[in-house]
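If you read the sequences in order, they're chains B and F.
Just so you know, we're using the numbering used here here: the first sequence kicks off at 720 and counts up by one.
Just so you know, we're using the numbering used here here: the second sequence kicks off at 1018 and counts up by one.
Hints in this document: simulated from the structure, not taken from any laboratory.
Backbone N, C-alpha and C define an ideal beta-carbon position, used for all residues, glycine too.
Careful, some of the hints might be misleading.
What the hints assert, rightly or not - Non-contacting residues of chain B with respect to chain F, defined by C-beta distances greater than 12 Å in every case (computed):
| no. | residue |
| --- | --- |
| 1 | ILE730 |
| 2 | SER751 |
| 3 | GLN827 |
| 4 | GLU834 |
| 5 | ILE836 |
Unchecked claim - Ranges of calculated distance between the beta carbons of each label pair, as one might list FRET restraints:
| no. | chain 1 | residue 1 | chain 2 | residue 2 | range |
| --- | --- | --- | --- | --- | --- |
| 6 | B | SER785 | F | ALA1223 | 48 to 54 Å |
| 7 | F | LYS1132 | B | SER785 | 30 to 36 Å |
| 8 | F | ARG1025 | B | SER785 | 38 to 44 Å |
| 9 | F | LEU1070 | B | ASP805 | 57 to 63 Å |
| 10 | F | LYS1143 | B | GLN723 | 57 to 63 Å |
| 11 | B | ASP758 | F | PRO1227 | 29 to 35 Å |
| 12 | B | ARG787 | F | LYS1147 | 20 to 26 Å |
| 13 | F | GLY1148 | B | MET840 | 22 to 28 Å |
| 14 | B | ILE830 | F | LEU1224 | 47 to 53 Å |
Letter by letter, the chains look like this.
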Amino acid sequence: MVWQFKADRPIYTQLVEQIELRIVSGEYSPGSKLPSVRDLAAEASVNPNTMQKALAELEQNGLLYSQRTSGRYVTEDENMIRKVKDTIALEEIKDFLQKMSKLGFNSQETISLVERIIKEMIPQ
Amino acid sequence: MNPILECRALTKKYGNTQALSDVNLTIERGRIIGLLGPNGSGKTTLIKLANGLLTPTGGEILIDGKHPGIETKKIVSYLPERTYLNNWMCVREVIDFFKDFYSNFNPEKTYEMLKRLAINPDDKLKTLSKGTKEKVQLILVMSREADIYLLDEPIGGVDPAARDYILNTIISNYNENAAVIISTHLIADIEAVLDDVVFLANGTIALAEPVDKIREEQGKSIDGLFREVFKC
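Using the sequences plus the hints, can you model the full thing?
Structure below.
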């Protein structure tokens, strides 16, 4: 996954979201150790203080935990990861539905379109 | 602890031209600061005052609580706009030169970074391209364990890939007790690495704020805000 930032929002909130995505997608697996702040900052080409702020927030909401001497780890609580994953999915779907309604599709039309496209994408 | 850099009513005139007027600014350790402003807004003047190449017309500038001088030069690592290295030297000789000059210079760091950029220490400077020369110079400056780095247009002359490398060099080489001041026009390229920005306009400070605060409150990037504030 590539680190990318949009212009209109703080970088640290975008870092939080992108690290969340990496955790729920399994790129950072449960219980695994995260690279150091410095390395992560260099990888994402962002300021180390900004990365630190993002990691602190993720620690506060429980997705990460730190061990005093050995570094920062992804939570082993797979339920919690699952919950974050569901929240992200819900947000994506709400977003999508809003866009569809702007285009003038009602729920029923949207659902049948989605079904049709899924069938086309995954041939039986 | 003293702030690493402090300007108090700092003023600089060149004849009748007012380069800086009544600038008050405090910079703390551990921050990366973007010094931004249109051409002729006073960025280079401020940096030159900070390392003692110029003296103030009025007010004062303090580095770690001291006026610029021999003591502050030990803790200030300065990358000028233009190269001052001797063209006839090879990279290795310049490294030895720096080793003689600065007690906080760490040559191992230099060699490591040169190796990563595939620059041969035995090459003569005059055989290097403009961009490579700029990289060498930045590597030398970042190899000092300084308390404040003053980088005047560090990415102006290099290609985008090298720009990324240079920014990474800056992020991974300064320590938490040091501050880095980067002056540049290439805002979009550097804004993700900055803690704070200082906008200079006609020799005065138009804005000095944390980057994320600006993005949060204005809903736009620093680059976008700059274009708006300094619209021609």
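Verification of the supplied hints:
1. ILE730: Violated: least Cβ distance 6 Å, not greater than 12 Å.
2. SER751: About 22 Å separates B/SER751 from the closest Cβ of chain F, which puts it past 12 Å; holds.
3. GLN827: 35 Å, holds
4. GLU834: 37 Å, holds
5. ILE836: Answer for B/ILE836: holds, closest chain F Cβ roughly 34 Å.
6. B/SER785 x F/ALA1223: 48 to 54 Å: 39 Å, violated
7. F/LYS1132 x B/SER785: 30 to 36 Å: 33 Å, holds
8. F/ARG1025 x B/SER785: 38 to 44 Å: Given a distance of about 40 Å, which is inside 38 to 44 Å, the answer is holds.
9. F/LEU1070 x B/ASP805: 57 to 63 Å: 59 Å Cβ-Cβ, so the 57 to 63 Å window holds.
10. F/LYS1143 x B/GLN723: 57 to 63 Å: 40 Å, violated
11. B/ASP758 x F/PRO1227: 29 to 35 Å: The hint (29 to 35 Å, Cβ to Cβ) is violated, given that B/ASP758 and F/PRO1227 are roughly 23 Å apart.
12. B/ARG787 x F/LYS1147: 20 to 26 Å: With Cβ atoms ~48 Å apart, the hint is violated.
13. F/GLY1148 x B/MET840: 22 to 28 Å: 46 Å, violated
14. B/ILE830 x F/LEU1224: 47 to 53 Å: 49 Å, holds
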